[in-house]
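2 protein chains.
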Amino acid sequence: MNIIEGGVTAPKGFKATGVACGIKKNNKKDLAIVCSDDTAVASGVFTTNVVKGHSLQVSMEHIKNGFARAIVINSGNANACVGESGYNDAKDMTKLAAELLNCEPEDILVNSTGVIGTKLNMPNIRSGIRSAVNSLSADGGSDAEEAIMTTDLVPKEIAVEIELQGEKVRIGGMAKGSGMIHPNMATMIGIITTDANISRSLLDKALKHCVRSTFNRISVDGDTSVCDSVFVLANGYADNDAIVKEDYEYSVFVDALMYVCTYLAKLIAKDGEGATKLIEVIVDGALDEDDAYKAVSAVAKSPLVKTAIFGEDANWGRIITAVGYSGATFDPNLTDIHLGNLLVCRNGCAVNFDENAAKEILKKKEILIRINLKRGNVSDRIWTCDFTYDYVKINGSYRS
Amino acid sequence: MNIIEGGVTAPKGFKATGVACGIKKNNKKDLAIVCSDDTAVASGVFTTNVVKGHSLQVSMEHIKNGFARAIVINSGNANACVGESGYNDAKDMTKLAAELLNCEPEDILVNSTGVIGTKLNMPNIRSGIRSAVNSLSADGGSDAEEAIMTTDLVPKEIAVEIELQGEKVRIGGMAKGSGMIHPNMATMIGIITTDANISRSLLDKALKHCVRSTFNRISVDGDTSVCDSVFVLANGYADNDAIVKEDYEYSVFVDALMYVCTYLAKLIAKDGEGATKLIEVIVDGALDEDDAYKAVSAVAKSPLVKTAIFGEDANWGRIITAVGYSGATFDPNLTDIHLGNLLVCRNGCAVNFDENAAKEILKKKEILIRINLKRGNVSDRIWTCDFTYDYVKINGSYRS
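Sequences listed follow chains A and B, in order.
Per the working numbering, the first sequence starts with residue 1374, numbered consecutively.
Per the working numbering, the second sequence starts with residue 1374, numbered consecutively.
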């Protein structure tokens, strides 16, 4: 597998663009379109939040047929909690894009990210869609990424190339992070494109498999499942024989998709609001998946753990305490905790560890916390970030 | 009901004290004893955390018989996660206190709060217990409170007087808050004394009833059930006829106990680490208790909501979003949200509210967030505090 340039436009037969249509201030890019030259098989994973943005609702309907031609995304306004007009506005976005791209509205997916409770400025959106369609380009991936960023500090895009039966197949991806001053829904978007020739059912299966352990395993604020929506479009422009069963080619494709999702998910956690460190929390030895997830998410959500890491404090007591209230079945007297490779707690008891060694580990930008419950053989993992002054600053500031 | 002076020593037949024995630095008071002149009926409520301090484990055994004479509490060291010696140290504390107070070790309750993973300095503890027993005083309530404080900024004590059958009955209480730099277990202690003459079973029932809606409804870091341990001792020194059934006298006693628990619980939330505002979150109209609790606790735990309140930002979108991921059954399109008395969201949609009015409400030191799910008639309530720079500062600092 090779890392290549081009983001979502790296795969053959995809174009993209990002334009400014006045939803964001200061003429910042705020509307993106990612478009396949022909209808592609498509799959999506959506937030489990009961509160769903109107644009998201429309996309959930449109993806049902399993095909899509293009995705329209605006930033600066989440198009959520504004009532029926929000749904109609999202529908109108798909109609206009379909008309300009000469396809069915059902083949257009739409996503809006930004403030909740404010209606979209539709004249701006319409002119934005028009100019976007006119500026679609085979190397527009970075422009599209720029247009979906909100308080993200770093752009998040990647592309890889693999070989299937000797044929080159590409997967490209971009994402915006859970870094919004505005409400933490519609805070994450992932767009993945591929020219692989793959059946819709296997594409769907591959995406859900990868999202579960990547986009659904990052936490910034404690709402662990930040997966608001992740879309994948596969247009089959590569010359590989269609992947129609879970064979070797499928596994190669899944590995590459997993790499793309992991890369983007870790970037989102690392770029969490105010974050200075990426924290990887791993729980091993759980009895079952439920226990592993409860334990790992309690630690990853704990403000006490996250502030201790910010302070480079080897305060493992907070880690075992979080596991203790997680609801996971475990025996504290069996539990081991490592910070990096340093054992700080054995069988639930303090270990006389070298504080300087701990300090060296905690000074790093990427911190690994490993908890072994020694009850079973199930593991889970979450990426999160430290909790800093800047988090409070960013999120305490006004909606303006 | 009258508010009176004296804290835990306000009720007849109780003495208390607080001394410094070198567990805390700078000769700060760090060991307290609250003692009844005779054996009292007793009840306790303990943390649900699977990880329990060794002292707590001993108290859970000793309270089983339903009687207690005294409670010994040290601050500065949680006596947790140090292995079997921690349990033996706690046992030794009860033996020494029993010997000096001339009672059975099983009549001594013990509680330790502070650092996890460090063994108690038993020579200091022993000398502390000796000097404490020698300095027990009928007006030592405030000294005892001072000795159990950790990073608490304000002492937390109260006493009330009621009349039962024309006889004066007193209830006194003290607490230490979830304000510790060290792990968030053993972060809350509540000690309640009363000279009421009441059966053990009704005392137990009254305590559990009151704790559920007070000490178990405050949140500082997100581990909502901060109830590490709350003890109540009733020595029957008042001359009321014994309360042996759920009659009018019982209800008067419960109301007074509820007042004491509510007062202390709100103080703990208000005095949460770095807090500048007390936030009361109320959910009405839930289908059942489970939904009401899920919704209210998700909002009270949300760092995005707590930072918005710190920033005095009427960001109600974060509130409905937290309800959305809480797991509660509800319909966003029915949900109303009030900040104070200002309606900011009706039926899940933005209301065009007056930002200045919102600002006036959010400038206050006590903020009320009311969410009406309009699905049923069940309510719940949690007190929490805002999330500030100082929270990060306090919790990012070293274990020293």
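Derived from the structure by calculation, the hints contain no laboratory data.
Just so you know, even glycine gets a beta-carbon here, dropped at the ideal spot from N, CA and C.
Among the hints, a few may not be true.
[What the hints assert, rightly or not] Each computed DSBU-like pair below joins lysine-lysine, with the alpha-carbon atoms no more than 35 Å apart:
| no. | chain 1 | residue 1 | chain 2 | residue 2 |
| --- | --- | --- | --- | --- |
| 1 | B | Lys1737 | A | Lys1397 |
| 2 | B | Lys1737 | A | Lys1738 |
| 3 | B | Lys1732 | A | Lys1401 |
| 4 | A | Lys1747 | B | Lys1492 |
| 5 | B | Lys1736 | A | Lys1492 |
| 6 | A | Lys1401 | A | Lys1747 |
| 7 | A | Lys1398 | B | Lys1492 |
| 8 | A | Lys1618 | A | Lys1738 |
| 9 | B | Lys1437 | B | Lys1732 |
| 10 | A | Lys1639 | B | Lys1766 |
| 11 | A | Lys1639 | A | Lys1578 |
| 12 | B | Lys1385 | A | Lys1398 |
| 13 | A | Lys1747 | A | Lys1437 |
| 14 | A | Lys1737 | B | Lys1398 |
| 15 | B | Lys1581 | A | Lys1766 |
| 16 | A | Lys1736 | B | Lys1385 |
[As the list claims (entries may be wrong)] Short derived list, chain A residues pointing at chain B, Cβ under 7 Å:
| no. | residue |
| --- | --- |
| 17 | Phe1683 |
| 18 | Gly1749 |
| 19 | Val1765 |
Does A:Lys1401 lie within 35 Å of B:Lys1732 when you go C-alpha to C-alpha?
-> 29 Å, holds
Is B:Lys1437 close enough to B:Lys1732, meaning Cα to Cα at most 35 Å?
-> Not OK: B:Lys1437 and B:Lys1732 at ~51 Å, beyond 35 Å, violated.
For the pair supplied as a hint, B:Lys1581 and A:Lys1766, is the alpha-carbon distance within the 35 Å limit?
-> 39 Å, violated
Within a Cα-Cα threshold of 35 Å, do B:Lys1737 and A:Lys1397 meet the stated pairing?
-> The given pair, whose Cα atoms are some 32 Å apart, holds under the 35 Å limit.
Hint check: is the beta carbon of A:Phe1683 less than 7 Å from a beta carbon of chain B?
-> Where the cut-off is 7 Å and the nearest Cβ of chain B is about 5 Å from A:Phe1683, the hint holds.
35 Å Cα cutoff - pair A:Lys1747, A:Lys1437 = Not satisfied, since the Cα-Cα distance of roughly 43 Å exceeds 35 Å.
35 Å limit on alpha-carbon distance, applied to hinted pair A:Lys1639 and A:Lys1578 | Distance of about 22 Å is within 35 Å: holds.
Has the given pair, A:Lys1747 with B:Lys1492, been kept, meaning a C-alpha gap of at most 35 Å?
-> Judged against 35 Å, a Cα distance of about 25 Å means the pair holds.
Against chain B, with CB atoms and a cut of 7 Å, does the hint on A:Gly1749 hold up?
-> 16 Å, violated
Under the criterion that the straight-line Cα-Cα distance not exceed 35 Å, is the pair A:Lys1737, B:Lys1398 satisfied?
-> 31 Å, holds
Would you mind confirming whether the straight-line C-alpha gap from A:Lys1401 to A:Lys1747 stays at or under 35 Å?
-> 51 Å, violated
Is it true that the CA of B:Lys1736 sits at most 35 Å from the CA of A:Lys1492?
-> 28 Å, holds
In this structure, the earlier hints numbered 2, 6, 7, 8, 9, 12, 13, 15, 16 and 18 are contradicted, and the remaining ones agree with it.
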